[in-house]
Structures are given as C-alpha cells and as structure tokens.
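Let the sequences and hints guide you as you build the complete structure.
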Amino acid sequence: MLKIAFIAHDRKKEEMVNFVTAYEPVFTDHQLYSTGTTGLRIMEGTSLQIHRFESGPLGGDQQIGALVAQNEMDLIIFLRDPLMAQPHEPDINALLRLCDVQGIPLATNIATAEILVKALDRGDFAWRELVHKYKPEAGIQTGDAE
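Position 139 (the sequence shown) corresponds to 138 in numbering that gives the first Met the number 0; numbering is contiguous.
In short, the hints are calculated from the structure, not lab data. Be aware that one or more of the hints could be misleading.
[Stated by the list, open to error] Calculated pairs, SDA-like style, for lysine to any residue (alpha carbon to alpha carbon, straight line, at most 25 Å):
1. LYS2 - THR107
2. LYS2 - LEU82
3. LYS2 - MET42
4. LYS2 - LEU119
5. LYS2 - ASP99
6. LYS2 - LYS12
7. LYS117 - PRO56
8. LYS2 - GLY102
9. LYS2 - GLY44
10. LYS12 - TYR22
11. LYS132 - LEU1
12. LYS12 - GLN30
13. LYS2 - THR45
14. LYS2 - MET83
15. LYS117 - LEU39
16. LYS2 - LEU47
17. LYS12 - ILE114
18. LYS2 - ALA21
19. LYS2 - PRO104
20. LYS2 - GLN48
21. LYS132 - ARG121
22. LYS132 - PRO81
23. LYS117 - LEU47
24. LYS117 - THR27
25. LYS12 - LEU119
26. LYS132 - ASN108
27. LYS12 - ALA106
28. LYS2 - ALA125
29. LYS2 - LEU95
30. LYS12 - GLU23
This is the structure:
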C-alpha cells in the first residue's frame with residue numbers, strides 16, 4: 000500500500016477529478032491524501048476516501064511537504080496551472096524541491112501522471128517498499144558531523 004497525494008490548482012481541479020475517476024480502480028488499495036478542495040472534489044466524483052489537508056494557500060502544500068520531508072509519501076500528482084501566478088508559489092517550489100531531494104515521483108501534468116499511474120498499476124513501485132524497509136530510524140542523523 001502506497002501513500003499517494005493529489006494536488007490541483009483551481010483551473011486543473013476538473014481535470015484531476017476526471018483523471019482520478021478514470022483510474023479509480025488503481026487507487027482503491029492505497030492511502031490517499033490531498034489538499035482540501037481537490038480532495039473534496041475527488042471524493043464527490045468517486046467512491047475513494049481521501050485524507051484531506053488544508054487547501055494549498057492555507058498550508059496544505061506544506062502539510063504534504065512535511066510527509067515528503069520524512070520520506071513518508073510515495074507518489075504525488077500535482078496538476079499545476081503554469082499560466083496563472085499562485086500566491087503561495089514559495090510553498091509550491093519547496094514541495095517540488097523536497098520531492099527531488101527525497102526521490103519522490105512527482106507528476107505536474109496529466110501526461111506524466113498517466114505514465115506514473117500505469118507504472119503503479121503494473122507494480123513498478125515495489126522499490127518504494129525498500130525505501131521504507133531500510134529507512135533510517137527517527138533521531139538518527141546522516142550527513143556531516145557536528
């Protein structure tokens with residue numbers, strides 16, 4: 000069971016609902032998370048249960064980012080609107096950077112999301128189980144010595 004997050008900017012929410020609806024059977028056996036409104040819209044359009052955080056501008060991106068920073072998220076589908084300035088752009092950039100740091104697969108458009116979900120459906124995410132199995136214990140720091 001993987002932890003999957005859905006985030007969509009306002010003009011991408013309908014596209015997200017349509018996408019999740021199309022792949023609902025793939026998502027049913029996973030733990031699902033989302034920012035507030037996106038999660039509500041997905042739950043209204045599907046039978047999926049989603050743990051909803053705050054909306055993005057109110058800190059939802061940061062709440063998902065906290066899970067990413069702890070390597071507790073396995074896949075993020077973030078349908079961004081590249082043509083609209085976002086008031087919480089620093090939070091968005093921080094989330095994208097954290098995904099790169101932790102090696103969390105992240106789709107920012109529908110084409111990449113489809114490729115990742117098809118890989119998920121084939122079982123190509125087994126490597127994430129190893130990440131969790133060999134995750135360092137809490138409190139153990141890695142990196143430079145003090």
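Hints, one by one, checked against the model:
1. This hinted pair checks out: LYS2 and THR107 have alpha carbons roughly 17 Å apart, not beyond 25 Å.
2. Annotation: proposed proximity of LYS2 to LEU82 is violated, straight-line Cα distance about 29 Å (limit 25 Å).
3. For the given pair, LYS2 sits about 17 Å from MET42 by alpha-carbon distance, which is consistent with the 25 Å threshold.
4. The straight-line distance between the Cα atoms of LYS2 and LEU119 is roughly 12 Å, inside the 25 Å bound, and the hint therefore holds.
5. A C-alpha spacing of about 17 Å is found between LYS2 and ASP99, which places the hinted pair at or below 25 Å, so the restraint holds.
6. Between LYS2 and LYS12 the CA atoms are separated by roughly 20 Å; this keeps the pair inside 25 Å, and the hint holds.
7. The suggested pairing of LYS117 with PRO56 is violated, with an alpha-carbon distance near 30 Å, which exceeds 25 Å.
8. A hinted pair counts as satisfied when its Cα atoms are at most 25 Å apart, and LYS2 with GLY102 qualifies at roughly 14 Å.
9. Simply put, LYS2 and GLY44 have alpha-carbon atoms about 20 Å apart, close enough for the 25 Å limit, and the pair holds.
10. Of the supplied pair hints, the one linking LYS12 and TYR22 holds, its CA atoms being roughly 15 Å apart against a limit of 25 Å.
11. Between LYS132 and LEU1, the direct Cα distance comes to roughly 13 Å. Compliance with the 25 Å bound is thereby established for this hinted pair.
12. Using a Cα cut-off of 25 Å, the hinted pair LYS12 and GLN30 holds, with the two alpha carbons roughly 20 Å apart.
13. Pair hint LYS2 plus THR45 holds up; C-alpha atoms about 18 Å apart against a cutoff of 25 Å.
14. With a CA separation close to 28 Å, the supplied pair LYS2 and MET83 exceeds the 25 Å bound.
15. Taking the CA atoms of LYS117 and LEU39, the gap is about 24 Å. The hint holds against a cut of 25 Å.
16. The hinted pair formed by LYS2 and LEU47 meets the criterion: a straight-line CA distance of about 14 Å does not exceed 25 Å.
17. With a C-alpha separation of about 19 Å, the suggested pairing of LYS12 with ILE114 holds against the 25 Å cut-off.
18. For the given pair, LYS2 sits about 19 Å from ALA21 by alpha-carbon distance, which is consistent with the 25 Å threshold.
19. Between LYS2 and PRO104, the direct Cα distance comes to roughly 11 Å. Compliance with the 25 Å bound is thereby established for this hinted pair.
20. With a C-alpha separation of about 13 Å, the suggested pair LYS2 and GLN48 falls inside the 25 Å cut-off, and the hint holds.
21. Between LYS132 and ARG121 the alpha-carbon distance is near 21 Å, which keeps this suggested pair within the 25 Å criterion.
22. For the proposed pair LYS132 and PRO81, the alpha carbon gap of about 36 Å is over 25 Å, so the pair is violated.
23. Note on LYS117 and LEU47: the hinted pairing holds, with a Cα-Cα distance of about 18 Å set against a maximum of 25 Å.
24. Straight-line distance between C-alpha atoms of LYS117 and THR27 comes to about 14 Å, which keeps the hinted pair within the 25 Å bound.
25. Restraint check for LYS12 and LEU119: satisfied, since their Cα atoms lie roughly 22 Å apart, inside the 25 Å limit.
26. Distance restraint check for LYS132 and ASN108: the Cα-Cα separation of roughly 30 Å exceeds the 25 Å cut-off, and the hinted pair is therefore not satisfied.
27. Proposed proximity of LYS12 and ALA106 is supported: the alpha carbons are some 15 Å apart, at most 25 Å.
28. As the CA atoms of LYS2 and ALA125 are separated by approximately 13 Å, the hinted pair is consistent with the 25 Å bound.
29. Distance hint between LYS2 and LEU95 is fulfilled; the C-alpha atoms sit about 17 Å from each other, no more than 25 Å.
30. At most 25 Å may separate the alpha-carbon atoms for a hinted pair to count; LYS12 and GLU23 meet this at roughly 16 Å.
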